[in-house]
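Asks: Fit chain B to the known structure of chain A by using the hints.
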Amino acid sequence: MGYSPLQRSAEPSQEPARHLRAMIADAQAPVTSKAYHGYVPWMVVGVIVILWWAVSALHVFPSLALPSPGRVARDGYVIATTGYNGYSLLANIGASVTRIAVGFLAAIIVGVPIGFLMASSKIIFNAIDPLLQFLRPIPPLAYIPVMVIWFGVGQLSKFVLIFVCTIPIIIINAMSGAKNVQETRIRVAQVFGADSRQLFRYVILPSALPEIFTGMRVAIGVAWTCLVAAEMIAAQTGLGAMILTAGNELRMGVVFVGIILIGLIGYLMELSIRTVETRMVPWKGKA
Amino acid sequence: MIELHGVSKVFPAPNARSEPVVAVSNVDMAIGDGEFVTVVGPSGCGKTTILNMIAGFEHPSQGDILLDGAPVLKPGPERAVVFQQPSLLPWMTVADNIAFGLTLRDGRRGVDRARLEGTLQTMGLQDFATHYPYQLSGGMQQRAAIARALITDPAILLMDEPFGALDAQTRSDMQRFLLSVWTELQHTVLFVTHDVEEAILLADRVLIMSPRPGRIAANLRIGLSRPRRWDMVMDRDFNEYKRKVLKVLRPQ
Numbered sequence: 580m581g582y583s584p585l586q587r588s589a590e591p592s593q594e595p596a597r598h599l600r601a602m603i604a605d606a607q608a609p610v611t612s613k614a615y616h617g618y619v620p621w622m623v624v625g626v627i628v629i630l631w632w633a634v635s636a637l638h639v640f641p642s643l644a645l646p647s648p649g650r651v652a653r654d655g656y657v658i659a660t661t662g663y664n665g666y667s668l669l670a671n672i673g674a675s676v677t678r679i680a681v682g683f684l685a686a687i688i689v690g691v692p693i694g695f696l697m698a699s700s701k702i703i704f705n706a707i708d709p710l711l712q713f714l715r716p717i718p719p720l721a722y723i724p725v726m727v728i729w730f731g732v733g734q735l736s737k738f739v740l741i742f743v744c745t746i747p748i749i750i751i752n753a754m755s756g757a758k759n760v761q762e763t764r765i766r767v768a769q770v771f772g773a774d775s776r777q778l779f780r781y782v783i784l785p786s787a788l789p790e791i792f793t794g795m796r797v798a799i800g801v802a803w804t805c806l807v808a809a810e811m812i813a814a815q816t817g818l819g820a821m822i823l824t825a826g827n828e829l830r831m832g833v834v835f836v837g838i839i840l841i842g843l844i845g846y847l848m849e850l851s852i853r854t855v856e857t858r859m860v861p862w863k864g865k866a
Numbered sequence: 003m004i005e006l007h008g009v010s011k012v013f014p015a016p017n018a019r020s021e022p023v024v025a026v027s028n029v030d031m032a033i034g035d036g037e038f039v040t041v042v043g044p045s046g047c048g049k050t051t052i053l054n055m056i057a058g059f060e061h062p063s064q065g066d067i068l069l070d071g072a073p074v075l076k077p078g079p080e081r082a083v084v085f086q087q088p089s090l091l092p093w094m095t096v097a098d099n100i101a102f103g104l105t106l107r108d109g110r111r112g113v114d115r116a117r118l119e120g121t122l123q124t125m126g127l128q129d130f131a132t133h134y135p136y137q138l139s140g141g142m143q144q145r146a147a148i149a150r151a152l153i154t155d156p157a158i159l160l161m162d163e164p165f166g167a168l169d170a171q172t173r174s175d176m177q178r179f180l181l182s183v184w185t186e187l188q189h190t191v192l193f194v195t196h197d198v199e200e201a202i203l204l205a206d207r208v209l210i211m212s213p214r215p216g217r218i219a220a221n222l223r224i225g226l227s228r229p230r231r232w233d234m235v236m237d238r239d240f241n242e243y244k245r246k247v248l249k250v251l252r253p254q
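Protein chains in written order, with the working numbering: chain A, 580 to 866; chain B, 3 to 254.
Next up, chain A with everything else stripped away, as it sits in the complex (with noise of 0.2 Å):
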């Protein structure tokens, strides 16, 4: 081989200078060890809780309704140790993320071969999409009580509600990503040959994953609203219902306990979709 514009640079291949050799190592080297900002946000968590605690230690507002941070995390402890109307805590959390999982599972397996079905046939689309758009601007809320009244109060009528108000999102966001493939990418998959099977595999499916993944981080956060939304209607379990018991019962250090778990948890689901996609679609805004 004649010439390679990479030999050029490599005259007498001489160590490089101390200061490259520096600046190599620290290209290597993990970005976070660069500038770790992790602190950030304990920080942020940090100076809540402390107005928080000043706000109640002033008695702004009678503490029934405001208890103190070392108040809920008393309660936390009580509920976590021996549990509240009935249930332990673990159970609660248990009920409502098996409730999430179930749901939001059966949406994503049913609803990204849906998306895919529409962006490739004009007649599913038109056969799906004006049903889709119908459904989309009811409230979930609104289903409650049909939920209720068809499929009970145990756990078939909480997955089907998840079920419901999630799988339009999912079936948006596969079709938008099944449709928008570059066309270039297309024709370099005609140009050697592929079967339409093949386009799928390599050049469809791959290029709607992002978007995909959008629409799941999107799906979630509804999913998780929705939830507590209906364990606060119909429910023995999970944490909404604890909430609901417990403001009943005018234990507001509970009810801050459930808002904080739920919080966290939204967050924690968010975190797990975010780590798969960065495994799964690492040239996401990059290509």
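I should point out that these hints are in silico values taken from the structure, not numbers from a laboratory. Among the hints, erroneous ones may be present.
[What the hints assert, rightly or not] Derived lysine-lysine pairs resembling DSSO-like cross-links, with alpha carbons at most 30 Å apart: (1) A:Lys758 x A:Lys863; (2) A:Lys701 x A:Lys758; (3) A:Lys865 x A:Lys758; (4) B:Lys76 x A:Lys701; (5) A:Lys701 x A:Lys863; (6) A:Lys758 x B:Lys76.
[Claimed, not checked] Negatives, chain A to chain B, calculated, CB over 12 Å: (7) Val657; (8) Gln734; (9) Ala773; (10) Pro785; (11) Trp862.
Just so you know, even glycine gets a beta-carbon here, dropped at the ideal spot from N, CA and C.
Replies: Quick look at chain B alone, frame taken from chain A:
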């Protein structure tokens, strides 16, 4: 051998108030085996349309396109394409991108590893095999795209302004790279560009197109010796060719 007989392409009017667009009008041309032909012309003259028709992405409104006597109906690996836009698949490593044609043909496990290694070597990409496209410079990405096109041994390599999006220095590097690859492999190449110097430096023959409706206004055989060197652009002969091309492109 690629032949075009009386090929025209008319695009339908984009809306009710405009006329249909005649992009290519009655083009006859032939590209012999092992020949390096460039098509040069102003933007919008239909040169990419001709390439897209040979590739099989679009169909002529009139006329025939033949590859070794058989009509071209759809895209196929014997007519590999290098695009102007970045076209590597971002979810695959450089090696997987280059092997893409082999993977589609022979399956993931059927890929000829030795051939892949050889191509990575020839293209100077052996150190980047496990990189992802977004980790490569524009020039390196195009180099991988050329490797991907060549690995399936196409009858003709169709290049649509492949260096158009690169900076001047990289573009010149890539021209020399392509010349050295071509000297070794002697593929048939159809190379579309709007850069007159690039068209002359690379080609055995330059087809000069007139603006819309696109037709071939002149066919200029380039007698510069091979292998070509980048500094030939300063030769008297080279400038004579350049004058001839520009005279056709800008008659006034």
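Asks: Each hint should be assessed against the structure and marked as holding or not.
Replies: Results of checking the hints against the structure:
1. For the suggested pair Lys758 (chain A) and Lys863 (chain A), the alpha carbons sit about 17 Å apart, so the restraint of at most 30 Å is met.
2. Note on Lys701 (chain A) and Lys758 (chain A): the hinted pairing holds, with a Cα-Cα distance of about 12 Å set against a maximum of 30 Å.
3. Of the pairs offered as hints, the one joining Lys865 (chain A) and Lys758 (chain A) holds, with about 19 Å between alpha carbons and a cut-off of 30 Å not exceeded.
4. About 23 Å separates the Cα atoms of Lys76 (chain B) and Lys701 (chain A), which keeps this hinted pair within 30 Å; it holds.
5. Under the criterion of a C-alpha separation no larger than 30 Å, the hint pairing Lys701 (chain A) with Lys863 (chain A) is consistent with the structure, at around 28 Å.
6. Restraint check: the Cα-Cα separation between Lys758 (chain A) and Lys76 (chain B) comes to about 22 Å, which is no more than 30 Å; the hinted pair holds.
7. Distance check on Val657 (chain A): its Cβ is at least 50 Å (rounded) from any Cβ of chain B, clearing the 12 Å threshold; non-interface status holds.
8. Annotated as non-interface, Gln734 (chain A) keeps its C-beta farther than 12 Å from every C-beta of chain B; the closest such distance is 37 Å.
9. For Ala773 (chain A), the requirement that its beta carbon stay farther than 12 Å from each beta carbon of chain B is not met, with the minimum near 5 Å.
10. Distance to chain B contradicts Pro785 (chain A) as a non-interface residue, since its nearest Cβ pair spans about 4 Å, not more than 12 Å.
11. Against chain B, the non-interface label of Trp862 (chain A) is violated: not every CB pair exceeds 12 Å, the least being about 4 Å.
The structure is inconsistent with the numbered hints 9, 10, 11, although it conforms to all the rest.
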